[in-house]
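Trainee: Chain F is fixed; fit chains V and B onto it per the hints.
Letter by letter, the chains look like this.
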Amino acid sequence: MSLDRAEPRVSVRSDTPPFDITRPALIGVALLLAAMIALPMGWLLVYAFTDRDGYATLANFATLLTDAAFVEPLKTTLTISVSVSVICGLVAAPLGWLVARTDMPLVRTVRTLVMASLVTPPFVGAIAWEMLAAPNSGLLNQFWRALTGAPADEALLNIYSLGGLIFVIACYTFPYVFILVANALDRMPGELEDASSMLGAGTWATARRITIPLALPTLLAGVLVAFLQALNLFGSPAILAIPAGFHTLTTKIWSLFQFPPKPQLAAAAAVPLLVLTIVLLRAQAVVLGRRGYAVLGGKYGAPRLIRLGAWRYPAAALAMIVLAMPLFLPYFALFNTAFSKMSSRLVGPETFTLQNFRFTFGELSATMPALQNTFTLAVAAATLGALLALLIAYTVARKAIPGYRWLSFLATAPLAIPGIVLGVGLFLAYTRPPLTLYGTLWILLIAFVTIELPAAYQQINSAFHAMHPELEEAARMLGATRLRTVRDIVFPLLRSAAIATWCFIFVGVIRELSAAVVLFTSETKVLSVLIFDLKESGDVGAIAVLSLSMVLLTTLVVVAANRFAAGSANRAPGRIGG
Amino acid sequence: MAAGSVVATVQAAPAAEAVTPALIEAAKKEGKVTWYTSVDLPLAEKVGKAFEAKYPGVTLRVERSGAERNFQRIGQEYASRIYNCDVVNSSDAAHLIIWKREKMLAAYVPEDVARDFPAAHKDPDGMFASWRITLSPIAYNTNLVKAEEAPKSFADLLDPKWVGKIVKAHPGYSGTIMTATQQLSRDLGWTWFEKLAKQKVMQVQSATEPPKKIAQGERAVMADGGEYLVLAMKARGEPVEPVYAAEGTPLVTGPSGIMANAPNPNAARLFFAWSMTAEAQQLNVDAGGLRSAHPAVKEKAGVRKFSDIKTLREEANVVADKADEIKARYVKYFKV
Amino acid sequence: MASVELKGLGKRYGDAVALADVDLCIQHGQLVCLLGPSGCGKTTTLRLIAGFIEPTAGEIVVGGKVLSSPGHAVAPEGRNMSMIFQSYALWPHMTVAENVAYGLKIRKMNRETIAEKLKAILSTARLESLADRYPAELSGGQQQRVSLARAMVVEPETLLLDEPLSNLDANLREEMRFEIRRLHDRYRYTTVYVTHDQAEAMTTADLIAVMNGGRIEQVGTPQDIYKHPRSAFVARFIGGSNILTGKALDARRVAVGDSILVTEGRTLRAGETVPISIRQHEIDLLAARPAQSENVLRAVVARCVFLGSSRDYTLMLEDKSELRLTASADHEIDPGQHVWLRLPADRCQALSGGNET
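Sequences listed follow chains F, V and B, in order. Taken in order, the first sequence gives residues 9 to 586; the numbers are from this note's numbering. Taken in order, the second sequence gives residues 719 to 1054; the numbers are from this note's numbering. Taken in order, the third sequence gives residues 15 to 371; the numbers are from this note's numbering.
Pulled out of the complex, with its shape left as it was, chain F reads as follows:
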């Protein structure tokens, strides 16, 4: 530092390339994101702590903690969440292990079908299970009565019950746990098990002492995910809990939005959900942070499959029985209802009808606008969300702006905000100047992007970690600006990851009900809300037709997008990495 500084400094400003807008652009994205999340959450808190006249108060929370009308739903919600997470763990772990580590037949089919059940919106599943297991008209109960000769008012299953609700939620939550567990087992290096075998442990001893303990943190994390899903789900409880005569926290929040609306209480009721979710996410991070990623690194051989021997076919049958719950049975019920004059009767020559299709596509004036809104929003949210996730992941991974850690936090934060809570917050934030977005598709777009951002960000982020930073630096050294580098190098390399993320958001948006049900207007109705409204008046025929069309269209889009991604990936094998 003590060198002579006599040498004249020459300004290099004139030689520098045109002003690099990347940094301001990224800072803009960061601020946008901050506003997107801070605004609704801020209003939510303001409302939770004020009375109708706008004075600060804790009375909302006092009501919440003392009024049985709130305490009961809270207890019910916790019961449901605990039960669902336990069931999911018990079902998903063995199934994940069968698929990833054994020579069970139909492994690929099982995996595909689990993914397919993830495409099914949980509220559609709940409606389908109503058709199957309503105590009197349910097809399964009718079948059981026909089989056993039980009297007309006896039922094997009653879906309108706490148990029924737990079952239906578990049906559409276990895939999350399954995928986590199966992926962890897929990635677990075979050497770890081989090492155990070399030391003389038998197949089962190895499974018990090595495989299971290694998979345990992932399983625990998955169980927490299930807990959170069950905690924050709105659709299934709204469909099954109200006929059964109880509320969960989410349906209670929703009912507080019915006339006369009590946004203060709704906001206050949202706070426990918010707090609980944040605590559980922390817990999950701790669990995964300690051991979970131990199985991630390194290059290892493919795992050895355990021979099931005589148990191969029983195992596959078991997997199929599990999959009947979220898939085969509900879709059977939906098809039956779509083509039947009466959902409680099986389709036959006398009951067959196309009236439901005629009604849905010919008469129901809300169908086409809802389809259009849904697909506009899904495409827009998927595109915007994937782009935003890319930019954020880039900014964070390359530490492109100061405070990038906050950006990462912001992008993950919506995970802690249940859909219905976000809906309430957005409603409070955007029904007033300066941004009166309520009544437009924009508010739904913001809601969907916010809801889907954390998962999208995490997906892209892991793709980023697989990409060597020198690939970008090489372009910079050759004179490309940051923005140009992102365009020429980063985006093309992350293309398949981005497309996967796009699909993920697309499916998520189609399924979304909890925020939409608070935010829609007649002009901005989406399919999920339309189905929900049809449910209210019991038009199950139209529901079946719409649900089936919705799932079909979603599947088509996802398949097309994957074709597209696969097409571009074929060109150069082993693309990412240096």
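Just so you know, the hints here were simulated from the structure itself, not pulled from any lab data. Any given hint could be a false lead.
[Claimed, not checked] Below, computed lysine-lysine pairings styled on DSSO-like, alpha-carbon distance capped at 27 Å:
# : chain 1 : residue 1 : chain 2 : residue 2
1 : F       : LYS270    : V       : LYS1050
2 : V       : LYS1016   : V       : LYS1028
3 : V       : LYS746    : V       : LYS772
4 : V       : LYS864    : V       : LYS1023
5 : F       : LYS83     : V       : LYS916
6 : F       : LYS270    : V       : LYS818
[What the hints assert, rightly or not] Quick partial rundown of chain F residues pointing at chain B, CB under 10 Å, derived from the structure:
#  : residue
7  : GLU162
8  : LEU486
9  : GLY487
10 : THR489
11 : ARG492
We treat Cβ as the ideally placed atom computed from N, Cα and C, and that holds for glycine.
Mentor: For chains V and B alone, kept in the frame of chain F given last:
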């Protein structure tokens, strides 16, 4: 635009207005009309198609939800200055009283209303008129319950033999049920509801759903619900039968009005005027099983005459003031 | 082409010092190696020159212009430099030709010029036949040549190489060393070359800067550094020297144990602790006590390894410190035997500072 006519007509009932070619032209220029209603969706769409057939060039968009939810939605939308609704119809007559009070309605008196409708079924200031009349009777599934065993009165529903077999809709979502609940709680007392709640009642939301649940056989008896659906289903051959209770059956009128901030004011008037004609009202009765205030409309064959049914007195103004209390009380007994 | 000057350059991350007070002047057209073990600050220096990071002290002056100083750094793309990365950083979604032509396209050259330059560089780098291949379809050496071609084709003022050969196997590494030198001799870009391999540095560099702990220990020609290491670290890092420590008796003589070593190099102060370096192959191994008494140490053979052309001995001195030497393979001395070591005075380099002993 439409607001001007409101200000001008606050004092006295406006004169009847005919459907002029100019109105039709103006409506066609607007090209569409949005109708918020709580009537059963297939019927609403049928009405819409009939209107579109009568006046090609104007498309009708049905926005169907439970009356109480529609009421909440309109309140929520208006608070944010979102004006989607042209014509509104509610099965809770109190809503129209409240909207009128809030100056949210535009006065418009079609010729049919001025000429034919009885005074009880039109607003003196011309803000609304009864588009539909129905009842909230008891009904049962004829496959599951024999006629002689069917309940004859609301009191019969408290019999232990109906435990777990009753379905009923919710006053928090349905205007029909809100209206009926006010009448029943007044005439039978809240204790009746308290006891009914102990019968393990299946609680649904809209008054359109209980008839569907009993037709499916999911429950044997409905404690309340739209009569028009029961009648329409029975006409289609579904195994349902209404029961007009000994205590009297709740009467539910469903008035319609035009919103003061209607985005399509001319199409709104055209649809409103058409919906009150004998032709449209007859469609309500024939296809929908509704009752009509229009004296020219013929009652449906095979349906008990309106004049032969003992009905409970409707007090929309009381509902307008006490809806909140009624809901709170109801939730206390039924938990949802 | 321009000279590159680092003046008092420093980089700290919070309290951690990555680089401190580095001064280095690279003449235009020179090839300088930054040599040192990992964590010595050489890559930080290179990335500072490239502009990926901003210094916290000092400045970088290229061709008389200040490119980096605290709070101000010209973006990498504004420096007209090229860089060859450890991973080669070939873009897997572009063909060889697309990779190489990228910098030319960025410079908005017209199509004919690009085609012309591309053809020339591919031929120089012997890549013509691979132009349409994707990087994943190339061998390591081919990838390395593409990386070189991509960096050279834009005719940078400065060329930066970050451990360019570390991913190659031994044979290829040697070949590429000469390839880099050949291309440098042809284009004579000012070049900064980062490596931890002293052989690589010796064969390619005009000038070597040995780095350690975030500082430059010594700058000099390969020969200079090899022959006259100024610190124990440099001596040890370059060519495997033994370091003995003793107390100076006068300007030249140092007492090591019971023996006295006459040293070369700096003038000593009587009484100071002096590290002395001597290379493994410059020590004579004697089975019998020699006539002279100075510059002779007594030792016991601890281990002997046959290496083909030579034998590698590990010896235990009287103070139990170890010393290694390379002797001819012709005769073998078994472990446990007592031996005498002669350390020629002109090979005993007295080093500065007692920090590395």
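Trainee: Run every hint past the structure and note whether it holds.
Mentor: Right, here's what the structure says about each hint:
This hinted pair checks out: LYS270/F and LYS1050/V have alpha carbons roughly 17 Å apart, not beyond 27 Å. Distance check on the hinted pair: LYS1016/V and LYS1028/V sit about 20 Å apart at the alpha-carbon level, within 27 Å; holds. Distance hint between LYS746/V and LYS772/V is fulfilled; the C-alpha atoms sit about 12 Å from each other, no more than 27 Å. Distance hint between LYS864/V and LYS1023/V is fulfilled; the C-alpha atoms sit about 23 Å from each other, no more than 27 Å.
The suggested pairing of LYS83/F with LYS916/V holds, with an alpha-carbon distance near 22 Å, which does not exceed 27 Å. A threshold of 27 Å between alpha carbons decides the hint, and for LYS270/F with LYS818/V the separation of about 23 Å falls inside it, so the pair holds. About 65 Å separates the beta-carbon of GLU162/F from the nearest beta-carbon of chain B, more than 10 Å, and the hint is not met. Interface restraint check for LEU486/F: the shortest CB-CB distance to chain B comes to about 3 Å, inside 10 Å, so the restraint holds.
Given hint, GLY487/F at the interface with chain B, holds; its Cβ is 4 Å from that chain's nearest Cβ, closer than 10 Å. Interface restraint check: THR489/F against chain B, minimum CB-CB distance 6 Å, threshold 10 Å, status holds. The closest approach between the C-beta of ARG492/F and any C-beta of chain B is roughly 7 Å, which is under the 10 Å cut-off, so the hint is satisfied.
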